[in-house]
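Our numbering numbers the first residue of the sequence shown as 82 and each following residue consecutively.
Hints were generated in silico from the structure; no laboratory data involved. We put the beta carbon where it would ideally sit given N, CA and C, even for glycine. It is possible that some hints are incorrect.
[Claimed, not checked] Across the chosen pairs, the derived CB separations fall in these ranges:
| # | residue 1 | residue 2 | range |
| --- | --- | --- | --- |
| 1 | Thr-489 | Gly-299 | 16 to 22 Å |
| 2 | Thr-182 | Pro-316 | 41 to 47 Å |
| 3 | Gly-204 | Met-265 | 44 to 50 Å |
| 4 | Thr-136 | Thr-406 | 28 to 34 Å |
| 5 | Gly-204 | Gly-385 | 39 to 45 Å |
| 6 | Pro-316 | Ser-471 | 45 to 51 Å |
| 7 | Ala-403 | Ala-264 | 33 to 39 Å |
| 8 | Arg-178 | Ala-435 | 16 to 22 Å |
| 9 | Gln-226 | Thr-489 | 55 to 61 Å |
| 10 | Ser-310 | Ser-471 | 32 to 38 Å |
| 11 | Ala-486 | Ser-336 | 31 to 37 Å |
| 12 | Ser-310 | Met-265 | 27 to 33 Å |
| 13 | Lys-402 | Pro-496 | 39 to 45 Å |
[Unchecked claim] SDA-like cross-link-like pairs, simulated, lysine to any residue; straight-line CA separation at most 20 Å:
| # | residue 1 | residue 2 |
| --- | --- | --- |
| 14 | Lys-451 | Lys-473 |
| 15 | Lys-154 | Ala-338 |
| 16 | Lys-192 | Leu-148 |
| 17 | Lys-169 | Met-487 |
| 18 | Lys-192 | Gly-215 |
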Amino acid sequence: MRRRTSRASRSRRSLTDIRAVAVLAAAGLLLTGCTAAGTAGDSGAGGSGKSDDATVKVGLVYSRTGLLADYGKQYRDGFMAGLDYATKGTGKVAGHRIEATEQDDAGDPGKAVSAAKNLIGKGYKVLAGTTDSGVALQMAPLAAQNKVLYVSGPAATDAVTGVNDYTFRSGRQSYQDILTAGAMLGDAGGKKVTVLAQDSTFGQANVAAVKAVLGAKGAKVGSVLAPPSATDLTPFARQVKAGGPDLVFVAWAGSTAPALWTALDQQGVLGAGKVVTGLAGTASYPVFGAAGAKVSFLAHYFPGAGGGNAVEKAMLESVTKAGGTPDLFTPDGFAAAQMIVHAVAEGSATDPDAMVKALEGWTFDGAKGKQQVRAEDHALLQPMFVARLSGKGAALKPELLDTEAMDTVAPPAKPSAG
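Please construct the entire structure, taking both the sequences and the accompanying hints into account.
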């Protein structure tokens, strides 16, 4: 597949040579340990799709069950709302009906790859979803091997960006989190920073990102990694406290978050230094209680963070009307649907190469605000937010303090590996 046909794209590529740095090499090396995804069989289903009313079948592979099921539901609800919005309620674009088939990966890469192979074998040209970073790293090579469009969702590992020509993302990546945290921390020179995370693809990527960003600014970065299955997190909180860090960056996902924050509070970590973390879903707010005032939050999204722009209002109304609750990863699904509809409208209903070209460099209004699919590596540039929790008990809610523009928190460009 040939890329960078426009002068603008060639110009961006030359800038990449200047800006590219060896950021997140550790996260990128995670691909080395992945088992081969394999090439799915091609049954020829879907045909040539030359008729105007050909259906575009989208395989929605996400965590409907498992540890990240709550995040998966947010993504799924957002996707359906985004599809309705982008097609103006018709479910069609350019005469083509968009049909989504949902598949549960339960957070298991093997199940995800099996489901994806089955869909590809039936003629599906578009895959979307992926709540878990480990799953995304298996889905991406599968998409390239079979030349199908793949739009990853909440999976935050930076290794997905630039991994190949056919892979895009509809959510943020870890580097954007770290840049937002860096904006809050100010001068990190000489300070000791500890990253507290799970020993997973997501956690390791966050450690690498903090080292790349704050380490480059003179901070001494270490880490405390807990097994994803761990439920007693007190020992890890004690380990953080014993290290005496000036800054603690917490990167955590899943249902054990309440236990983590309880342990950190009980062990005095929250009062010993500055603690920065990402703002999780609404269900996590009560966990902080009075301790929430001791934590600085970088926020991917929370309802209202977009400032009530027209797209955000449409998303919130649509999800609520359908019986869902807008939350952290709702915009990821919404943006994925916008991207797929655009890829079909401006590219093709059957040719993934044309879909890819249509998406590269596309700037659009999303629920979070202005967003852009960067052409050279398919990073999704987007605004990020700084917040604090206010209120008491179950009434705790995020308060927007600042918005970091998409260019301010843009990760270094990483050209596609092919």
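Is it true that the C-beta distance of Ser-310 to Ser-471 lies inside 32 to 38 Å, as the hint says? Check passed, 34 Å falls within 32 to 38 Å.
Quick check: does the Cβ-Cβ distance between Ala-403 and Ala-264 fall within 33 to 39 Å? Since the Cβ atoms of Ala-403 and Ala-264 sit about 35 Å apart, the hinted range of 33 to 39 Å holds.
Whether the CB-CB distance between Thr-136 and Thr-406 falls inside 28 to 34 Å: Distance hint for Thr-136, Thr-406 holds at roughly 30 Å.
Taking the beta carbons of Gln-226 and Thr-489, is their distance inside 55 to 61 Å? Cβ of Gln-226 to Cβ of Thr-489: about 36 Å, so the range 55 to 61 Å is violated.
Check the hint pairing Lys-192 with Gly-215 against an upper bound of 20 Å on the C-alpha distance. holds (12 Å)
Taken at face value, is the distance from the CA of Lys-473 to the CA of Lys-451 at most 20 Å? Given that 20 Å is the threshold and the Cα spacing comes to 33 Å, the pair is violated.
Consistency of beta-carbon spacing, Ser-336 to Ala-486, with hint 31 to 37 Å: Holds - the Cβ-Cβ distance for Ala-486 and Ser-336, about 33 Å, lies within 31 to 37 Å.
Holds or violated: the 27 to 33 Å window for the beta-carbon distance between Ser-310 and Met-265? holds (31 Å)
Holds or violated: the 39 to 45 Å window for the beta-carbon distance between Lys-402 and Pro-496? Roughly 42 Å apart at Cβ, these two residues keep to the hinted range, so it holds.
Quick check: does the Cβ-Cβ distance between Arg-178 and Ala-435 fall within 16 to 22 Å? Holds: the Cβ-Cβ distance is about 19 Å, inside 16 to 22 Å.
CB-CB spacing for Met-265 and Gly-204 relative to the 44 to 50 Å hint: holds (47 Å)
Given the hinted pair Lys-192 and Leu-148, is their Cα-Cα distance within 20 Å? holds (15 Å)
In terms of the numbered hints stated before, the structure departs from hints 6, 9, 14 and 17, listed from lowest to highest.
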